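Undergrad: Could you put together the complete structure from these sequences and hints?
There are 2 protein chains.
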Amino acid sequence: MFSGAQLSLHPMRDDFIAIILDAIGALEPWRSRLRIETDDVSTLVVGPPEALFPAMRDLFVRAAASEAHCVLHATVSRGCPGEPDDPICAPGAARPAGGSMAERVAAAAGRVAGAQPVGRSVAAQFSLYPLGAADASADGMGGHMAEIMGCIDFLKASGCFERSKNFCTKLRGDAGPVFATLAEAFTSFGAPDGHVAMDATVSANSPSAA
Amino acid sequence: MFSGAQLSLHPMRDDFIAIILDAIGALEPWRSRLRIETDDVSTLVVGPPEALFPAMRDLFVRAAASEAHCVLHATVSRGCPGEPDDPICAPGAARPAGGSMAERVAAAAGRVAGAQPVGRSVAAQFSLYPLGAADASADGMGGHMAEIMGCIDFLKASGCFERSKNFCTKLRGDAGPVFATLAEAFTSFGAPDGHVAMDATVSANSPSAA
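For the record, the sequence lines run as chains A and B. Counting from 1, one number per residue, gives the positions in the first sequence under my numbering. Counting from 1, one number per residue, gives the positions in the second sequence under my numbering.
In case anyone wonders, no lab produced these hints; they're calculated from the structure. Values in this document were obtained by computation on a predicted structure and should not be read as measured data. One or more of the hints may lead you astray.
If chains are identical, the list can't say which one is meant, so a pair holds when it fits in one copy or spans any two.
Restricting the straight-line Cα-Cα distance to at most 20 Å, the calculated cross-link-like pairs of lysine to aspartate or glutamate (DMTMM-like) are [stated by the list, open to error]:
hint, residue 1, residue 2
1, Lys165, Asp58
2, Lys165, Asp153
3, Lys156, Asp193
4, Lys156, Asp174
5, Lys165, Asp86
6, Lys165, Glu37
7, Lys156, Asp85
TA: Here you go:
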């Protein structure tokens with residue numbers, strides 16, 4: 001299954017170029033498992049989810065170590081029928097095999113509980129889009145909304161939940177469990193082989209953080 | 001239909017706070033038509049699409065006038081079954097009434113052709129997510145993918161198309177037609193009353209722009 005992300009890193013400081021170039025160095029240990037291409041708006045990273053999310057974490061934590069107010073934006077996708085498949089995307093470990101919603105929520109929360117902290121506090125917000133799933137019920141809440149509601153149940157059990165917002169859910173905590181929470185939301189909800197997209201924003205060192 | 005956006009503005013300069021506060025002033029003429037709420041990650045703007053996109057344009061063009069490298073990220077949504085309806089979202093003008101794909105592509109391109117330039121060059125990339133539409137065909141390309149492919153046909157006729165990327169499409173041009181193109185993609189594709197989301201990134205003054 002083809003999976004990857006378009007990443008944009010925004011350090012809000014005069015020396016943003018130096019911060020970005022330094023942060024890209026944090027991707028080095030991941031390069032054998034990812035295909036990376038850059039233009040003036042974003043960097044494409046293609047690879048399996050279990051490499052994508054830790055690579056994003058390492059990139060962002062390195063940038064945030066500058067103590068500049070930094071924001072990472074990620075457009076993440078798996079299973080898009082319009083993308084070619086790529087051998088680099090084959091998962092190296094068994095992915096969640098589906099299961100009932102309650103089982104998936106519990107398993108995902110269990111994996112986040114095992115995530116190592118990295119010593120950097122972040123805020124994040126994201127939206128999850130399970131595509132190609134019909135609305136199943138008359139009130140319009142079936143299909144993709146059932147997966148979204150199940151994901152929100154998981155988020156509330158993740159230890160990183162801050163609050164529901166319009167169009168997205170906000171997380172706060174150490175970057176280790178926060179990026180693990182994003183990874184679990186992306187892989188455990190929506191059909192295992194379905195087309196799922198995520199729109200995520202992660203912020204550190206904001207002068208207006210609560 | 002409930003519609004709105006979570007907006008994050010990122011000026012990559014030491015004085016980013018002053019640039020953001022000044023840019024928010026550009027939203028003043030739109031305040032009667034929008035509900036606006038801010039936290040440390042984003043600003044929620046609720047209102048009809050015909051106010052949302054010009055308001056985003058004015059916010060971003062004001063920030064870019066600082067000549068700092070600025071990026072706007074927008075998570076835009078309409079028709080989400082999980083959101084309450086809000087009277088402020090009622091469209092003030094007739095929205096596209098659907099029609100065949102070829103008719104919608106031509107009508108949307110015609111409206112972009114009438115968009116006024118504002119004198120600021122930008123790059124943009126975005127993804128469109130028509131939700132709750134089942135895959136209709138055995139090759140997985142029906143339903144939501146048919147709407148996405150139709151939207152890409154429109155983008156190629158918009159005058160702002162730069163190239164297709166993995167997971168998104170990239171635009172380049174004057175901010176006037178570029179934001180008009182985003183508005184048309186959001187309103188003319190996906191079911192007229194369906195749940196549609198957009199993930200958009202707009203960039204100006206990039207030192208690495210082509």
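Undergrad: What are the numbers of the hints that this structure violates, sorted from low to high?
TA: Violated hints (numbers, rising): 1, 3 and 7; every other hint is consistent with the structure.
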